[in-house]
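The primary structure of each chain is shown beneath.
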Amino acid sequence: MTQRISKSQRSNMQNLFIQFFKFIYLNIRILKIVAGGHGGTRK
Amino acid sequence: MSKIVILGAGISGHTAAAHLRRKLGKEHEVLVVSPNRNYQWVPSNIWVGIGRMKSKELIFPLEPLYKRKGIGYKQARVVSFHPEGNKEVEKPFVTVEYVFGETKGTQENITYDYLINATGPKLAFDLTEGLNPGTNKAYSVCTYDHAEHAWEGLHAIIKQLKTTDGKLKILIGTGHSKATCQGAAFEYILNVEKELVKHGVRDKAEITWISNEYKLGDFGMDGMLLSYGNMIMKSNEMVEMIFEDRGIKWILEAGVYKVEDGVAYYENLEGEYKTETFDFAMLIPAFSGHGFKAFDKNEVDVTDKLFKGFMIVDADYTPKPYEEWTVQDWPETYQNPTYKNIFAPGIAFAPPHSISKPRKSKNGTEIFPAPPRTGMPSGITAKLVADNIIDSIKFGKESLHHKGSMGNMGAACIASAGYGMTQGSGVSITTYPIVPDYKKYKNTGGRDLKKTFGEIGLAGHWVKLALHYAFIYKAKMKPFWWLIPE
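Keeping their order, the protein sequence lines are chains E and B.
For the first sequence, this note's numbering gives the first residue as 1, with consecutive numbering after it.
For the second sequence, this note's numbering gives the first residue as 1001, with consecutive numbering after it.
Some hints here could point you the wrong way.
[Claimed, not checked] Only part of the chain B face toward chain E is listed, based on derived beta-carbon distances under 10 Å:
1. Thr1103
2. Gly1105
3. Gly1166
[To be verified] Taking lysine to aspartate or glutamate pairs in the DMTMM-like style, the calculated list, with each CA pair at most 20 Å apart, reads:
4. B:Lys1442 / B:Glu1324
5. E:Lys43 / B:Glu1240
6. E:Lys43 / B:Asp1316
7. E:Lys43 / B:Glu1398
8. E:Lys7 / B:Asp1316
9. E:Lys7 / B:Asp1245
10. E:Lys43 / B:Glu1324
11. E:Lys43 / B:Asp1314
12. E:Lys7 / B:Glu1240
13. E:Lys43 / B:Asp1437
[As the list claims (entries may be wrong)] A short list of chain B residues far from chain E (calculated; beta carbon distances all over 10 Å):
14. Pro1064
15. Val1079
16. Glu1097
17. His1155
18. Glu1276
19. Lys1305
20. Gly1364
21. Lys1403
22. Tyr1432
23. Phe1453
In short, the hints are calculated from the structure, not lab data.
Think of the CB as a built atom: it goes at the ideal place given N, C-alpha and C, for glycine as much as any other residue.
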């Protein structure tokens, strides 16, 4: 069955206060993944 | 002194040129050859396509910047490759044809010590009959001028919706059985939906997603298992949740093969031939190689040493079944195995195979997404190619120390889901690795769940907007631009 976005989830998605902290969190997490390095896969 | 020629000035070519120029002394020549006079930040085309951004906000002319930075620039297109030179020219060269100004139409041979082919894909609208941006009510957002056209078409539909009592149909997705870039179409459909809500006409429009994916959320990456809040969910469940929430219908396993005025013809995996009508459509075309030719020093055709549609690099192209594919098949240095001074980062290299599981219809038509290579891997692979060339020049011998396989590289897809500083939304998905490693992460669908996650909300819109400004700053090579990672 399809998961639904609840009213409280929707409200949180547009809450400026919550989203501000999420913005900081997202930037740090994305930066860690992207700047965290890359390399080869073969020995 | 070395001469590095870069073909293309998109995300990949421009990134390579910028790093080469910054790290190499002025005695070395860096030359960019591109038929385009402007740099464009492609990910923001979506906002041009909904009229929320002007194209001038995401483009800038290349020539003045390159002149200031000491990078050579020729507005020309490549005609042929001569990696061994020929009887008259000893050094390897490319033949180019100028596309602008007084020299338009004239050809020139440009010699090189190192060549970076960053020509990206050809937007192969011709592979789908009747698919041509701005005709048959179908549009594209692949370039900024296509996106401007798309906005004109969408604007007219919004006006029509305001005056009509009936319903109009909007169709967005892929326009070919093997198209890729589902992410861009996904962003566009969510933005269009949001715009219709803003204009108070959402209830008068039926919005449908059409795609060659087997499941929603495949995105050409075989889908993914991801963490969402404190849940673990599949990308198809996440996209289904978003589409359900916004009342968007979907048609999957669809290989669009023809477009007529307001009608898309498609074949599905069951082998059925169906049609879908629309009043406005945005369909992503297939991507293909440019059909370049290559010749050796005796003018014998050696195209098959350089190209396999796109450019041949250090990938394992041995044909094998899906079950035997591994991340080790994917290239690490993007170097051509025959001509070792030629590299193809970004979208210009030939992938060893798709990432999504290949599927054929009962009629034998291949219907599945081709592998996507978005801005982030394009930038990363361009930088590592530039770094290897820089090391090779500095050490006086070939150096391939910098490696970056898509099987050992993360990517962030920040999909705008609506524009606005307080009312906007974004779907942020990060994936690590891009090509699933089913051996290393065998219980989590080939992905590291600590680095593969999804988020939905206003913050995603802010992140995408921040990336827009940061990457244009970086592309303009303003002070300390190199501190911004690819």
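Verification of the supplied hints:
no.	hint	in the structure
1	Thr1103	40 Å, violated
2	Gly1105	42 Å, violated
3	Gly1166	29 Å, violated
4	B:Lys1442 / B:Glu1324	14 Å, holds
5	E:Lys43 / B:Glu1240	40 Å, violated
6	E:Lys43 / B:Asp1316	14 Å, holds
7	E:Lys43 / B:Glu1398	19 Å, holds
8	E:Lys7 / B:Asp1316	49 Å, violated
9	E:Lys7 / B:Asp1245	11 Å, holds
10	E:Lys43 / B:Glu1324	18 Å, holds
11	E:Lys43 / B:Asp1314	14 Å, holds
12	E:Lys7 / B:Glu1240	17 Å, holds
13	E:Lys43 / B:Asp1437	15 Å, holds
14	Pro1064	30 Å, holds
15	Val1079	34 Å, holds
16	Glu1097	36 Å, holds
17	His1155	26 Å, holds
18	Glu1276	22 Å, holds
19	Lys1305	22 Å, holds
20	Gly1364	33 Å, holds
21	Lys1403	4 Å, violated
22	Tyr1432	6 Å, violated
23	Phe1453	7 Å, violated
Checked against the numbered hints listed earlier, the structure breaks hints 1, 2, 3, 5, 8, 21, 22 and 23; every other hint is satisfied.
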